[in-house]
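So the protein lines, in turn, are chains A, B and C. Under the UniProt record's numbering, the first residue of the first sequence carries the number 1, and numbering increases by one thereafter. Under the UniProt record's numbering, the first residue of the second sequence carries the number 1, and numbering increases by one thereafter. Under the UniProt record's numbering, the first residue of the third sequence carries the number 1, and numbering increases by one thereafter.
Quick caveat, the hints were computed from the structure, so don't treat them as lab data. No residue lacks a Cβ here, since even glycine has one placed at the ideal position from N, Cα and C. The reader is advised that the hints may include incorrect statements.
[Unchecked claim] Cβ-to-Cβ under 8 Å is the rule here; a few derived chain A residues that face chain C: (1) Asp165; (2) Arg167; (3) Val175; (4) Gly176; (5) Gln190.
[What the hints assert, rightly or not] Quick list of simulated restraints, FRET-style, between CB atoms: (6) B:Ile29 x C:Glu66: 14 to 20 Å; (7) C:Thr57 x B:Trp209: 57 to 63 Å; (8) A:Asn234 x B:Asn141: 15 to 21 Å.
[Unchecked claim] Chain B residues, not near chain A, derived (Cβ > 10 Å throughout): (9) Ser60; (10) Ser75; (11) Leu76; (12) Asp145; (13) Pro214; (14) Phe232; (15) Ser245; (16) Gln269.
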Amino acid sequence: MTTLALVRPRTDWLGIVFAALLTIAIVGPLLVVGTWAFTEVWRYPNVIPQQFGFRFWGQTLGRPDVWNALMLSLQLTTVVTLLSAAICLPAAYAFARMSFPGRNILFFSFLAGHAFPKFGLLVAIAAIFLQLDLIGTFWGVVLIQLVGTLMFMIWIPVAAFQAVDRRMEEAARDVGASPLRVFWSITLPQAGPTIAAAVLLSFVGTFYETEGAWLIGAPGIRTMPVLMISYINNQMVIQFGAVLSVVLWVPSFIALMFARRVIGGGAFARGFGG
Amino acid sequence: MSEVTEGAVRPLIDGAARRRPIGLLLVAIPVLLMIWLVIWPAMNAIGRTIWRTDANGQLSFDLSSYVFFFSDRYSLDNLAVTLWTTFVCAILLLVICLPIALYLRFSHGRLSAYVQALAIFPMFVPSIILAFAFIRVLGPNGMVDILLNAVDLPKIRTPYLTPWGPVIGLVWDNIPLTVLILLAGLGSVANQSIEAARDVGANALQVFWHIILPRISNSVLVALSFSVLGIFSSFTLPYLLGPASPEMLGPFMQRTLREVQNPVGAMTQAVVAFGFCIVFGLFYVRSVARNQGK
Amino acid sequence: MSVLHIVEVTKTFPGGTNAVDSFSLDVADGELVCLLGPSGSGKSTLLRMVGGFEQPTGGRITIDGEDVTHLPPERRPTGMVFQSHALWTHMNVFKNLAFGLKLRHMPANLIKEKVEAVLELVGLAGYGDRMTTQLSGGQQQRVALARSLVLEPKILLLDEPFASLDQHLRERLREEVRDIQQRLKITTLFVTHGQDEALSMADRIVVMANGKTEQIDRPDVVYRNPQTPFVAGFIGTMNLIEGEVQGGHFVRADFTVPLPIADGPATLAIRPESLDLAASDKPGASVHRVTDYGTHGLVDLDLADGTRLKSMVAHPDLFRAGQGIELLPRAVAAYRNNQQIYRSSP
């Protein structure tokens, strides 16, 4: 492989091979799902569906369990994201700009959540929630999803705050702004785009969070991904799952558009230790 | 012309001492939350599985749940399939992602941008949608069967509900971060050091082996650690795509906790998972911390 | 009418280093004083203490008699121009200038008027709508200057404002800044490590080293009559020769000069332009290299023990490498214990 990568051939055959394989492996399956969503009749072994149409959209979106799950997911995700922003952003500012005893240790302690195999940790948390009667409750799920956002919502904003030029803040103090005003008028707008991306990514991440919701929430709390699991396991009508997949993918698409700046430049990978 | 380098570039207004309590206060809630819901559960799981209440209601040192786990045929089968899946996924990820990362590092242009976009794309596909797509493509009478049938070939033996199901799904899911981490590592290999090696007569394979690999070995290990930590206790994909028996530790723990209602058994399985992953976890934490410290 | 008094200000950093050590300075109304010194000499720290960005560990700073030592920056009548210009990149030029005025609750039409006037002053009339990132380095630094001036500070503080600009632009901007400063008669403290900048702009220069004052004087005096060997070596080119005084003569290797001071060690200072040369067979010095700059020439000389000296000559073609030379200093100064103890009349 390296031979080709280093000696640039006139035609980028290697690139074409990669592009073709990845297109088949990554875009292909999603295209199949997309096709199913707009199919009314597709019987084996036809290569192309017999009949396209929107009939199952109406049926899927008309189901009360879908609406309930969607509303619940949006509520949960909103609550988790707002709570996370409210507790993490001030903490991120403190980590970035203030000095206090134990600062470094506390900062790196947020890595602990990533040092354990995730589902094992969820089971350990669930064992505690069992004693606290938080299993199957809204707030139980909120808590477990909140923990999942912590590292992301602290580390990225810390980097954003640290990237703000201190001289800019000093210049604002110099022209008469109080520390609070400096934060509001200078620091926050400067760090804003990156922080917004972090908040958005944690919103989307929480929306799709499946394992904590399934382990802690079942049976009372059925979020969209949890509903999707039961559709995959028990639902005979394929199109329901397909339509739901397409609907579910919309937030992800928005994230994809907004996250480009955060993921670009390798800063993101470095956050994962690359 | 002696230098007093300290103090030459000093950050903002001092008075950090005055702000100490505020700083601690601001980080208190997330830190406490993290201690309550990460550190404490982990310690609690270990504690409650080795200090058990016996018949008399007395707390005593008792490893019976571990003894059971490691003597139970079913538990051991589950552990074995978990280890097998993790190992196969790690190998496949390396074999797939290293060439992609190398290609992306050394070529530029529209085609490589497209390859990069595709390689990162799975990050934006929730695993639940992936599971659904998997079944529709590789499942019985799925798209692959349809296409094979169209050219008069026999159906495949579907990987759905076999150990290969989770492997395919997990590899698909972990491609983006592996590629990104490897690519970040490759970024630290200077073009000049490669050119210098070629200049003294190294061929491409020698350049890879002697120049590139030593520089990115840390990134390779980080990428491996990260995927091992994720795959070892993965739940959604094995639960939806894997066989019911033997099952991976993720679904096994979930069933033990919620269906069998045996928290001690589930925690034992979790602690076993911690034990198998501790090396990777510590290595991962160390690498990230060192990276941030730079 | 604004005067700045800095009285015995000391700044000790954690770890015990004195970045600024009992420093005192009075700046008169409308005066431009340069703080000149190598990096690490404490000049920037001192400026930041005047601006309120660092707290002195000792001493007092007053502006027009009012003690500002412990006021935060936003409550001081000072305006600072930073080395990296520190413009707020999320605001356009107008908003950068208006921010401070808005904080003072000035009516919008008055703000507009003032901002336009100051933009005119720095030669950027009509640039209000530009984003700061669209400006060149010189324009950005002008905006930074305008941002300070628009608030009509009593004291203007400039922290190496031209350091990131190229040579040509730097020379033009320092003339502009000097013109503006003189027109507004604004009391100014200017930090630089470039002696050209200090010599061409300042009313007075404070040469600093290791947190202490070496000399405070007019630029021409600092150049002609450096009070310490550090100043002598730091400003312009200077031959500094360590040697011994014996019986009214300074001696180093085969080189002797009459020096009417008491016996003992001394450092002799001679400017290259004050060191005349004459071809000679007597032992003394030899020519190492001759460089012709067109307008003048520079001759590198070696004493018998290898000590390297420089001499500026009008006709470099009269000398060639290896030639024996007699040194004829026209003006010398001598230092002992870091103090000037002798200076020949010019």
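Now for the hints, and whether the structure bears them out:
no.: 1; hint: Asp165; verdict: 6 Å, holds
no.: 2; hint: Arg167; verdict: 4 Å, holds
no.: 3; hint: Val175; verdict: 3 Å, holds
no.: 4; hint: Gly176; verdict: 5 Å, holds
no.: 5; hint: Gln190; verdict: 6 Å, holds
no.: 6; hint: B:Ile29 x C:Glu66: 14 to 20 Å; verdict: 43 Å, violated
no.: 7; hint: C:Thr57 x B:Trp209: 57 to 63 Å; verdict: 58 Å, holds
no.: 8; hint: A:Asn234 x B:Asn141: 15 to 21 Å; verdict: 18 Å, holds
no.: 9; hint: Ser60; verdict: 20 Å, holds
no.: 10; hint: Ser75; verdict: 15 Å, holds
no.: 11; hint: Leu76; verdict: 17 Å, holds
no.: 12; hint: Asp145; verdict: 7 Å, violated
no.: 13; hint: Pro214; verdict: 14 Å, holds
no.: 14; hint: Phe232; verdict: 5 Å, violated
no.: 15; hint: Ser245; verdict: 16 Å, holds
no.: 16; hint: Gln269; verdict: 7 Å, violated
Hints 6, 12, 14 and 16 from the list above are not met by this structure, while the remaining hints are.
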